[in-house]
Amino acid sequence: MNMAEKKYILYLLDADKWASPFDINVAYDAGFDVVIPYGSVTAETIRTLVEDAMFSRGLDGAQRTKIFLNGSDLNVVRDMLKTARKSMVTPFDLSIFVDPRGGYTTGSAMVAQVEAYLNKIGKTSFEGLKVVVFGGTGPVGQVVSVLCAQNGAEVVLLSRRQEKAERIAGELKELYKVDLIPKANGDDPQRVETCKDADIIFTCGTAGIQLVSLNVLKQLPKNKILADVNAVPPLGIEGINVNKKNKEHPEVPGLYYHGALSVGSVKLKVEKKGLKALMTAEGKKTFDFVDFFDTARKVYAKKKAKKAEKQKA
Amino acid sequence: MNMAEKKYILYLLDADKWASPFDINVAYDAGFDVVIPYGSVTAETIRTLVEDAMFSRGLDGAQRTKIFLNGSDLNVVRDMLKTARKSMVTPFDLSIFVDPRGGYTTGSAMVAQVEAYLNKIGKTSFEGLKVVVFGGTGPVGQVVSVLCAQNGAEVVLLSRRQEKAERIAGELKELYKVDLIPKANGDDPQRVETCKDADIIFTCGTAGIQLVSLNVLKQLPKNKILADVNAVPPLGIEGINVNKKNKEHPEVPGLYYHGALSVGSVKLKVEKKGLKALMTAEGKKTFDFVDFFDTARKVYAKKKAKKAEKQKA
Amino acid sequence: MNMAEKKYILYLLDADKWASPFDINVAYDAGFDVVIPYGSVTAETIRTLVEDAMFSRGLDGAQRTKIFLNGSDLNVVRDMLKTARKSMVTPFDLSIFVDPRGGYTTGSAMVAQVEAYLNKIGKTSFEGLKVVVFGGTGPVGQVVSVLCAQNGAEVVLLSRRQEKAERIAGELKELYKVDLIPKANGDDPQRVETCKDADIIFTCGTAGIQLVSLNVLKQLPKNKILADVNAVPPLGIEGINVNKKNKEHPEVPGLYYHGALSVGSVKLKVEKKGLKALMTAEGKKTFDFVDFFDTARKVYAKKKAKKAEKQKA
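As they're listed, the protein sequences go chains C, S and Y.
Each step along the first sequence adds one to the number in the working numbering, with nothing skipped, and position 126 is 126.
Each step along the second sequence adds one to the number in the working numbering, with nothing skipped, and position 278 is 278.
Each step along the third sequence adds one to the number in the working numbering, with nothing skipped, and position 6 is 6.
Relax, there's no trap hidden among the hints.
One copy or two, either will do: identical chains are not told apart, so a pair holds if it fits within one copy or between any two.
Mimicking DSSO-like on lysine-lysine, the simulated pairs with C-alpha atoms at most 27 angstroms apart in a straight line are: (1) K269 to K7; (2) K302 to K6; (3) K284 to K273; (4) K6 to K276; (5) K303 to K6; (6) K244 to K86; (7) K285 to K173; (8) K298 to K6; (9) K130 to K222; (10) K7 to K86; (11) K276 to K298; (12) K304 to K123; (13) K86 to K285; (14) K7 to K276; (15) K6 to K273.
No wet-lab data here; the hints were simulated from the structure.
Construct the entire structure; sequences and hints are all you get.
Written out as structure tokens, the structure reads:
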């Protein structure tokens with residue numbers, strides 16, 4: 001059997017009960033020949049799975065054997081990643097793709113989309129902007145907070161409880177060397193206080209939970225961007241259309257929003273491009289939201305270039 | 001990647017612990033590129049699975065993504081179907097194949113086989129015939145009862161307990177608008193009483209349970225058809241050969257029987273043709289026993305035509 | 001659909017929670033088109049799985065449908081095998097591959113490797129040799145004990161407890177008609193006593209458990225072969241290199257050892273060749289360690305021939 005014949009095999013290792021059909025579909029569409037899901041994987045059990053996957057196909061086979069880590073608990077996924085990487089034995093290392101319940105690709109795509117439309121409020125980059133992240137302790141919220149901070153924004157990370165906001169901000173500082181300002185949501189007057197100086201407000205909370213009401217929005221100064229990742233009504237931001245992007249809020253002029261579903265096609269594109277790149281990645285390269293943000297930015301840059309060309313023609 | 005390259009993916013969503021190798025085999029042989037089994041699916045968890053399968057491949061991908069619903073509890077499968085269909089978002093709808101533990105294909109094939117050999121008792125259709133269905137509350141029994149009633153027969157649905165027969169008959173009336181006569185099995189004299197006017201007696205009970213004894217058979221008038229779906233001894237009907245079809249009962253002349261395994265190859269053909277049709281089906285088309293009965297009838301019609309041609313030649 | 005198009009499908013039926021990525025990888029690399037893992041299979045549930053796999057593809061399909069039995073409890077796997085074989089219905093029989101947690105291929109490869117280097121102690125075959133097997137009650141230990149005995153050695157099967165050694169020796173006598181001498185490990189002086197006349201000492205214990213200390217080794221007469229299957233430190237034999245084969249012990253001259261990992265590439269080759277053979281095997285042919293030993297011997301014979309040719313050139 002020559003190298004050309006060996007199949008591309010992806011192991012979907014999920015801390016939750018099930019791997020998702022979403023990721024299975026995208027992996028096959030990206031070009032993998034075989035996708036094998038494992039559910040209820042833990043940081044303890046992942047070691048044997050990785051070793052067994054690594055040592056059974058020779059060197060050329062290891063190069064075509066890949067790992068996708070998933071799970072709704074970010075800390076569990078981080079522990080799985082740590083153990084998986086420690087289990088690798090060079091030169092048999094397997095490349096790894098990390099996208100916990102889609103949060104890394106979704107968060108990256110949303111931040112890139114907001115960046116692509118910053119001109120709406122007269123800005124061109126996150127550098128020096130004030131960003132508020134409701135639901136900042138969840139998977140998407142953490143990604144959004146870290147990416148904005150890494151790109152120069154001052155970020156307030158919000159949670160229902162001050163103590164949880166502080167714990168997560170501490171973890172993210174340790175993991176990604178970013179300084180975030182932890183804060184409790186508080187009541188409407190407190191939310192107005194937190195948001196009034198912000199350039200961008202992200203709502204990354206649980207599905208079906210409203211985080212920013214019309215009452216709050218109406219008390220805010222103009223010229224802000226709002227971005228929601230909750231696609232299940234009631235939405236995270238009151239009064240917006242879940243499918244629209246870069247639209248003025250119908251009841252609060254001067255506030256421009258991005259609905260949760262408006263980022264769906266770019267999220268999908270980012271995941272698919274990432275999995276394609278994973279297929280040919282070398283060594284124990286790990287793909288996470290930093291890579292996904294880079295890809296998402298290129299997608300929006302290409303869109304902008306196309307649009308500009310169209311307008312010229 | 002152009003459309004021609006996207007794989008045909010089938011999600012086998014099973015309410016029981018495991019998807020069956022039977023369905024996996026048939027799906028691959030029908031032409032699917034990838035078959036992904038999920039066990040222990042519920043009416044609650046199916047929603048996310050369907051949404052994830054639906055929204056992750058674009059429109060051309062959704063067209064090549066299909067659902068197979070399975071499970072030994074018919075009501076659970078019906079609830080799964082209801083939720084799955086409600087979760088669909090046009091134009092991303094996924095087509096669905098329903099065959100709970102093989103009962104829909106098996107029942108359809110058996111009814112079509114009995115119909116194909118009605119000439120044995122001087123009949124050509126179910127119209128106006130009297131049909132008795134032992135084990136009428138099980139998956140196969142329900143399919144047999146509904147199909148016979150839909151095709152004009154007067155159907156007695158039997159169960160060990162009168163109350164269960166009534167409940168199931170009520171459910172089937174609501175679901176399929178058919179009138180069935182619910183009745184308890186009773187003892188041998190009562191079974192004779194129930195069967196004496198019947199043209200056809202189906203036994204669709206649990207594997208290894210005899211439902212019609214020689215004692216009962218010998219007290220029945222001649223010119224009846226018997227059909228059994230229980231392949232595990234003791235069979236549902238005493239004294240028959242599980243592999244034979246359209247044979248006279250060796251100890252009771254004038255009664256003609258169909259053994260459980262005699263329908264196996266047509267059941268398999270019906271499932272395979274159904275899964276082939278599923279591959280290219282459009283929208284949220286749902287394949288169930290009505291489609292399977294139609295296919296099974298065509299299989300028997302073709303057999304008959306072939307035989308006739310052979311006899312002419 | 002013609003025969004040439006039907007896919008080669010392998011069902012990995014595992015008594016443990018999970019099928020291993022190791023076996024999945026090797027099966028795909030051997031040429032299977034589809035590998036379907038089932039975990040937590042039992043001797044009770046395997047019957048339906050085998051029947052469903054057997055009867056759903058026609059005769060030509062059954063010929064391309066194969067079973068791989070796995071599990072860490074040898075007796076459970078043996079029961080699964082018995083039930084699986086009993087469930088077969090000729091001519092639909094499915095061929096079976098048995099390799100419980102890799103023990104059959106690993107044990108076979110190690111025995112063949114030791115045999116290939118017997119010249120180190122002036123021998124050419126196991127005939128009449130004295131063999132001691134520490135950890136003889138585990139999966140690899142049982143395979144090693146039986147293979148050595150079948151090839152003419154006098155084998156001492158060791159366990160921590162005398163009673164367990166006796167029970168397993170009894171089971172192996174019944175299953176494979178071999179006479180083994182059961183014995184407890186005992187303390188260091190007793191181990192010296194057991195090993196002093198041995199030509200070969202295998203250590204097949206649990207990962208991370210030392211079975212033969214330097215203290216024991218130093219009290220043994222020269223001219224012996226040591227072979228370890230434990231790759232996790234502390235190794236089964238003190239002071240050896242896990243990657244090396246046929247090396248003199250650095251601290252005890254005259255003792256020649258084989259480290260656990262030195263057999264890895266041949267084990268992999270044996271499993272892959274076995275699975276290739278499984279693809280085209282006929283009837284209910286069962287592949288187990290006797291077949292694997294035969295394959296492993298051929299691998300070493302070929303290596304030797306190549307080396308000889310090289311030296312001539």
